[in-house]
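Asks: Residues per chain are reported as follows:
There are 2 protein chains.
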Amino acid sequence: MPSYTAPTKDLQFVLHDLLKVSQSDIPGYAELEADFTAAILEEAAKLAEGALAPLNMVGDQQGCRLENGVVYTPDGFKAAFEQIREGGWNGLDIPEEFGGQNLPYLMGSAVGEIFVSANMALNMYQGLTHGAISAILAHGSDAQKATYLPKMVSMDWTGTMNLTEPHCGTDLGLLRTKAEPQDDGSFRITGQKIFISAGDHDMAENVIHLVLAKAPGGGEGTKGISLFIVPKFLVNEDGTLGARNGVSVGKIEEKMGIHGNATCVMNYDGATGYLVGELHKGMRAMFTMMNEARIGVGLQGYAQAAVAYENALAYAKDRLQGRDVTGTKNPDGPADPLLVHPDVRRMLMDQKSFVEGARAFTMWGASLIDRAHRMGDKQADGLISLMTPVIKGFLTDKGFEMCVQAQQVYGGHGYIEEWGMSQFARDARIAMIYEGANGVQALDLVGRKLAADGGKPVMAFFEIVKGFIRENESDARLEGFLVPLKAASKDLQTAGMYFMEHGMKNPNDALAGSSDFMHLFGHACLGLVWAQMAKAACAALDAGAPDRDFYEAKLATGRYYMARQLPATVMHLARIRSGAESMMALAPEQF
Amino acid sequence: MPSYTAPTKDLQFVLHDLLKVSQSDIPGYAELEADFTAAILEEAAKLAEGALAPLNMVGDQQGCRLENGVVYTPDGFKAAFEQIREGGWNGLDIPEEFGGQNLPYLMGSAVGEIFVSANMALNMYQGLTHGAISAILAHGSDAQKATYLPKMVSMDWTGTMNLTEPHCGTDLGLLRTKAEPQDDGSFRITGQKIFISAGDHDMAENVIHLVLAKAPGGGEGTKGISLFIVPKFLVNEDGTLGARNGVSVGKIEEKMGIHGNATCVMNYDGATGYLVGELHKGMRAMFTMMNEARIGVGLQGYAQAAVAYENALAYAKDRLQGRDVTGTKNPDGPADPLLVHPDVRRMLMDQKSFVEGARAFTMWGASLIDRAHRMGDKQADGLISLMTPVIKGFLTDKGFEMCVQAQQVYGGHGYIEEWGMSQFARDARIAMIYEGANGVQALDLVGRKLAADGGKPVMAFFEIVKGFIRENESDARLEGFLVPLKAASKDLQTAGMYFMEHGMKNPNDALAGSSDFMHLFGHACLGLVWAQMAKAACAALDAGAPDRDFYEAKLATGRYYMARQLPATVMHLARIRSGAESMMALAPEQF
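Line by line, the protein sequences give chains A and B.
FYI, the numbering for the first sequence is 1 to 591, going by my numbering.
FYI, the numbering for the second sequence is 1 to 591, going by my numbering.
Hints were generated in silico from the structure; no laboratory data involved.
Among these hints, one or two may not hold up.
What the hints assert, rightly or not - Quick list of in silico lysine-lysine cross-link-like pairs, DSSO-like style, CA-CA up to 27 angstroms: (1) LYS251(B) <-> LYS329(A); (2) LYS490(B) <-> LYS490(A); (3) LYS505(B) <-> LYS329(A); (4) LYS329(B) <-> LYS505(A); (5) LYS329(B) <-> LYS223(A); (6) LYS178(B) <-> LYS251(B); (7) LYS9(B) <-> LYS46(B).
To be verified - Non-contacting residues of chain B with respect to chain A, defined by C-beta distances greater than 12 angstroms in every case (computed): (8) GLU49; (9) GLU67; (10) GLY69; (11) CYS168; (12) THR170; (13) GLY191; (14) ASP509; (15) CYS538; (16) ALA540; (17) PRO546; (18) PHE591.
C-beta: ideal position from N, C-alpha, C; glycine also.
Next comes chain A alone, as it looks inside the complex:
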């Protein structure tokens, strides 16, 4: 069975060496001293390592089951969820008035990585609840906040997001679930929703569904959509639970992975729903949940790669097979450990350099969210809005790829479920699909975000890169970082220019390169954070930090990323410049 040890040291490096959080001007960051964040991360690690990770394979093997309308989670999930609840983990970054601790979103993300690595399926019950809280916080009425938030923050009640229907996923304009206004101001919700993660379960008293439905008079397509709160049990005026609402689980889907999370078909049969925010403005409210959820899904991508890598590394150090061609390393043993072989190293260094880069990128993104939300910083808001599809799409594509590579390190054992490496790949696979499939992320990036606000956010990104290069070009130790970063950034700019020149005449010339652009952008972002981390590591070494090995490893890992991963930008650019012609050449009947 795989094991898990939380990367608290590396998270501390990101928070303090890289982001220098306690020196930041973002409200609430001053208290994030190293001792304080270490205490939080250590506590999260204890829970994750001791209670959540040991249930990961149990969840995969048992899955959830539906019996007489009741959803049962795998053995042990209930007790572990109770521990998450008791620790108050769900309220970490929620305002105090609703029972939270009001810490920055950044801290929620750092803890989130640890929980997701330990047990992604279990963590999703919390993650969906957190997303629903955010939507109610942003768009709910004061009464709704008072009624639902405290119980949801404590996770006595959990939350869900209901968008997809059998005939429509991405294209929500097609949705058919209807909302009929009632005299008391409530609505009757009728329709079927599918792929509802954490749709129902036996770990909370109530489930608060956030449901997209069409109320009369809103017009065609997405314009007619509104957002509703539909509780599993209606809530009485005094806050106690009342009658069972007209919502039920049709079935639990059999999936490739995340078996521990109940992915439900939800049937709404005239269920009572309460409008959230404005009528017919449901899409905007839903996007509040989605944007947060997308960053959370990007985090899932690299968090699964992180735990998979950790196990692959342990196996490569332990498993004796073959000899180092440059000279035996384990003369007393029958063979050398796998780690001596260059191609095994390649796989491990790919994983390590991706995971550490992705971690830094995601935490930087989380700090931008804090800056945007806590300071109303428009530039930070534009930048994170631009990078959200990159975090979601690039980190989940690569995260899955890295899980597959970690599995590969195990050879035949990687294919056997008992070793647990297949589960990481199978679980990570969903992250490329849900919350907007990665093709939709690429479309969002190229079709919407790139030109948003007159292109200011993307120019701001280039300014950060240029500024960093300019400030540090005299530092010879960073040359191996700055040269490839400059090249990657130039490839990204060239791609952007290509879209501007060709996309106007033929939008398909831009869309044909959207996925490659997302990957190109992702590499440029990881190149940037690696250069920044290299600088931070040099600074720590200059300052005589005691753990030289850690900082030197950081530099070496970064050099690997720049040398071996960043050259992908050339390939992506070449693909982008080939445009839509060969891609769209075939008529449908020629396929």
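Starting from the known structure of chain A, fit chain B onto it as the hints suggest.
Replies: This is chain B only, laid out in the frame that chain A set:
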């Protein structure tokens, strides 16, 4: 549930337009007229579509079970296997004296693709048998051939390969299974083998295990290894079955995929075994099986991608979601089909251009095997020996990637087992691991094959590329093929030069680039066959072939591969040239 329609037309194109088989000087090829091969392929298609494909998901869901020492295959497997047996499919390319039809290996491969696409797990029972037949044909005594081959060709008896043990896979020198010589010339085999595909089942009277074991006096490591026939039931002098031998199934592994194939732990408890070939020369004999098996596994890689693509295409034509940004294509429907969206096209064209290229590459490889075996052609033998790790490693890495992409086309439905797309990815995943994990293929390619015979095979490959470019550079229609092919070939040569210059001083500088070299080589091979197919398509169009759509689609698909896939060679070359330094920089304790 997915469907399957065999690509007989495209296989015919490869056999006749591209390889021009009936005009070949290879013995046995003259009879491969278009009508004859079409009849064979149509017959195989009928069986695959009607009997094998419908059982693919059944096999995945039920798996195999071990009860009281007996292995049971999924419902329907036995009857379908009987149909394969009755059709004489296993003997297609086996000499007539042992009950076969003596057709070229090429035809076995073409039929093989169809069977593997339809039901990979079921096909493996036949595939392993075929491999065991090849080993006995090449190394067995006349008596052994007479005793075992007819029954194995008819598949009344099936075969297995037993290499791996719990503590050793790639490093067979460590194996512990021992063979003790007996007075009657037989051996007593004792030990445990794991990951034995088709290790036991209820579809044949007997199972003939080919087992690697160490007999006394052979020295250390792989030198001491010999190959033995160990039948499940001993065979009497008259050919009837005798006593049960001392071999049993310890357990069936729970795997990520290919559930319909019983992957067994095999326990040998003093089982009677018969030496195949020379004592202590077992590795050589095993490689006869392995080389054929490796090409078969490469075929599995693209065959799974082929069926996954076929279903993804059908879904993309059927599923209505969103509108074509360049203008509505389905004004009467609620939305346009997925196929109109460039990023969906990208995924489908990636798959289509890979699958068709891989098919041509594999069939070219199969024809080289026929040339080598039937004509003793040393150059063909050298070339296929060089390309075997590329066929195995590149086609399975990419094949899996394409299955994942096909799954992605389905959005959320791709993750739900009921739709069957997860199974293609999970089944294809094993092909990257077994018969030598892909890292081992890369090592074989760079560490052994590249320098084999003074580098003659690789020079022969470059001559083929150069010759083709020279002969066709006046044809303007091929310009879009020849220019990228030339560039890819140059990248491959540059990589080879890098290895020569640096690998002598530091072998790790070559090994660090081995996987990238395998991929670079794979792209160059697919670039070559695409250029050749483009020429063949032009010729057919010039000759006024009636089905112009087919040939024009072939040209368009090829142009896509050249424009969008071949640029990967630049990235692989850059990685190769970064050498081993950053890859090997970390000390084990720094990870």
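Asks: Are the Cα positions of LYS490(B) and LYS490(A) separated by 27 angstroms at most?
Replies: Given that 27 angstroms is the threshold and the Cα spacing comes to 25 angstroms, the pair holds.
Asks: Beyond 12 angstroms from every Cβ of chain A: is that where the Cβ of ASP509(B) lies?
Replies: 9 angstroms, violated
Asks: Between the alpha carbons of LYS329(B) and LYS223(A), is the straight-line distance 27 angstroms or under?
Replies: 22 angstroms, holds
Asks: Under the criterion that the straight-line Cα-Cα distance not exceed 27 angstroms, is the pair LYS329(B), LYS505(A) satisfied?
Replies: 19 angstroms, holds
Asks: With a cut-off of 27 angstroms on the C-alpha distance, tell me whether LYS178(B) and LYS251(B) pass.
Replies: 21 angstroms, holds
Asks: Regarding the pair LYS9(B) and LYS46(B), is the alpha-carbon distance no greater than 27 angstroms?
Replies: 14 angstroms, holds
Asks: Over 12 angstroms from every CB of chain A: does GLY191(B) meet that, or does the non-interface label fail?
Replies: Holds, since 16 angstroms exceeds 12 angstroms.
Asks: Beyond 12 angstroms from chain A, beta-carbon-wise, is PHE591(B)?
Replies: Violated: least Cβ distance 6 angstroms, not greater than 12 angstroms.
Asks: Against the 27 angstroms threshold, does the CA-CA distance of LYS251(B) and LYS329(A) hold or violate the hint?
Replies: 35 angstroms, violated
Asks: Beyond 12 angstroms from chain A, beta-carbon-wise, is PRO546(B)?
Replies: 15 angstroms, holds
Asks: Would the non-interface assignment of GLY69(B) survive a Cβ cutoff of 12 angstroms against chain A?
Replies: 21 angstroms, holds
Asks: Check the non-interface label on THR170(B): least C-beta distance to chain A beyond 12 angstroms or not.
Replies: Non-interface label fails for THR170(B): nearest chain A Cβ at 6 angstroms, not farther than 12 angstroms.
Hint violations for this structure: numbers 1, 11, 12, 14, 18, all remaining hints satisfied.
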